[in-house]
Amino acid sequence: MSDYAKAEEFIRNEVAAITGQPFEQISSSTVLVGTGRVVDSADLVMLLIAAEDFAKETLGATFDWTSDSAMSEARSVLRNVGSLSKHLSELPRD
Amino acid sequence: MDTVIVTGASRGLGRFCADQLLAQGYRVVGLGRTPDPKAGFEIREADVADSESVASALKDLRRDPTVYALINAAGIASMNLVVTTPAETVRRIVETNLLGTIFCCQQIAPALIKRGSGRIINFSTLGVPLAIKGEAIYVASKAGVEGFTRVFARELAAHGVTVNAIAPGPIETALIAKVPKDKVDAVVAQQIIPRQGTPLDVWNIVSMLLSPESSMISGAVLNVGGA
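Each protein sequence line maps, in turn, to chains H and F.
Residues in the first sequence are numbered consecutively from 1, following the numbering used here.
Residues in the second sequence are numbered consecutively from 1, following the numbering used here.
I should point out that these hints are in silico values taken from the structure, not numbers from a laboratory.
Don't take every hint at face value.
[What the hints assert, rightly or not] Pair by pair, the computed Cβ-Cβ distance ranges are:
id : chain 1 : residue 1 : chain 2 : residue 2 : range
1  : F       : PRO65     : H       : GLY60     : 16 to 24 angstroms
2  : H       : SER2      : F       : PRO212    : 40 to 48 angstroms
3  : F       : ASP60     : H       : THR35     : 35 to 43 angstroms
4  : H       : TRP65     : F       : LYS133    : 34 to 42 angstroms
5  : H       : LYS6      : F       : SER214    : 35 to 43 angstroms
6  : F       : GLY25     : H       : THR35     : 18 to 26 angstroms
7  : F       : LYS178    : H       : ARG37     : 31 to 39 angstroms
8  : F       : LEU200    : H       : TRP65     : 35 to 43 angstroms
9  : H       : SER28     : F       : ASP60     : 26 to 34 angstroms
[Claimed, not checked] With the C-beta cut set under 10 angstroms, the calculated list includes, among others, these residues of chain F facing chain H:
id : residue
10 : GLU45
11 : SER53
12 : ALA55
13 : ASN80
14 : PRO110
15 : VAL151
16 : ALA153
Since the model is a prediction, treat every value here as computed from it, not as a measurement.
By construction, the Cβ of each residue, glycine as well, lies at the ideal position given by its N, Cα and C atoms.
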């Protein structure tokens, strides 16, 4: 399984658990931030904490939510499940 | 054993609180620009005004479930008229007092959120409500801390974490060592309780906010001595 696939499966599972929706209904295009989002701000924080743990423990990488490159509005990695999964899978290894 | 992180732990109110916490059985991790090797608790070198320095010093604690509280006591002051305060001094005061508080909160909040409970205690000053002449830059930085505290309290409320600020008047610490006594007395006279506060007065409020019974107090600024 590729790192992207691992990350996407993890994020979909987390979003499904947070929202109570079936795993199958969460896809790479499921919106996390902005219009049509499926999680509120408190849930998003929990998702980011889980993603930070996943990055460290599974990928051996550091997910810094506050880095300019990760969080600039123009290309926010938080747009949807797919963009967050892609960002996690492409993080440099520690 | 619960861990409490204290910034500005080398001296002043931060050091006093760290020593009290240690005596109460907490694991204390202090941050300081010039760590005191004689401190009875773990103290790490960090400049809170530098986000990377903060991130590096607190890296392991960001995911530590024993972390219960963060006390942002690091602060600097410089009494001067606005028009005669050098730009670098302005920048340094705002970076240390306001940005330093924000950077430390950013690093430690994830641990508290994950835990589902915790306390963040920031430090403001009685100078904010009293509008003390000659402290505009310091007061501006601390007014920022108060605004940040109120908003951050809302952001963390859903996670069982309270965020409050303590605003002392002139407490006998190194911070006001160079302030003439008549100036200190003039400020104390404006307090509702016109007595100069002590580090113990401040600690008593810290201790109250740390207690489980304070779980409904958040977004508050507690003026020591009243204003």
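Here's how the hints hold up against the structure:
no., hint, result
1, F/PRO65 / H/GLY60: 16 to 24 angstroms, "21 angstroms, holds"
2, H/SER2 / F/PRO212: 40 to 48 angstroms, "46 angstroms, holds"
3, F/ASP60 / H/THR35: 35 to 43 angstroms, "38 angstroms, holds"
4, H/TRP65 / F/LYS133: 34 to 42 angstroms, "41 angstroms, holds"
5, H/LYS6 / F/SER214: 35 to 43 angstroms, "42 angstroms, holds"
6, F/GLY25 / H/THR35: 18 to 26 angstroms, "49 angstroms, violated"
7, F/LYS178 / H/ARG37: 31 to 39 angstroms, "52 angstroms, violated"
8, F/LEU200 / H/TRP65: 35 to 43 angstroms, "38 angstroms, holds"
9, H/SER28 / F/ASP60: 26 to 34 angstroms, "33 angstroms, holds"
10, GLU45, "21 angstroms, violated"
11, SER53, "14 angstroms, violated"
12, ALA55, "8 angstroms, holds"
13, ASN80, "32 angstroms, violated"
14, PRO110, "5 angstroms, holds"
15, VAL151, "12 angstroms, violated"
16, ALA153, "13 angstroms, violated"
The earlier numbered hints that this structure contradicts are 6, 7, 10, 11, 13, 15 and 16.
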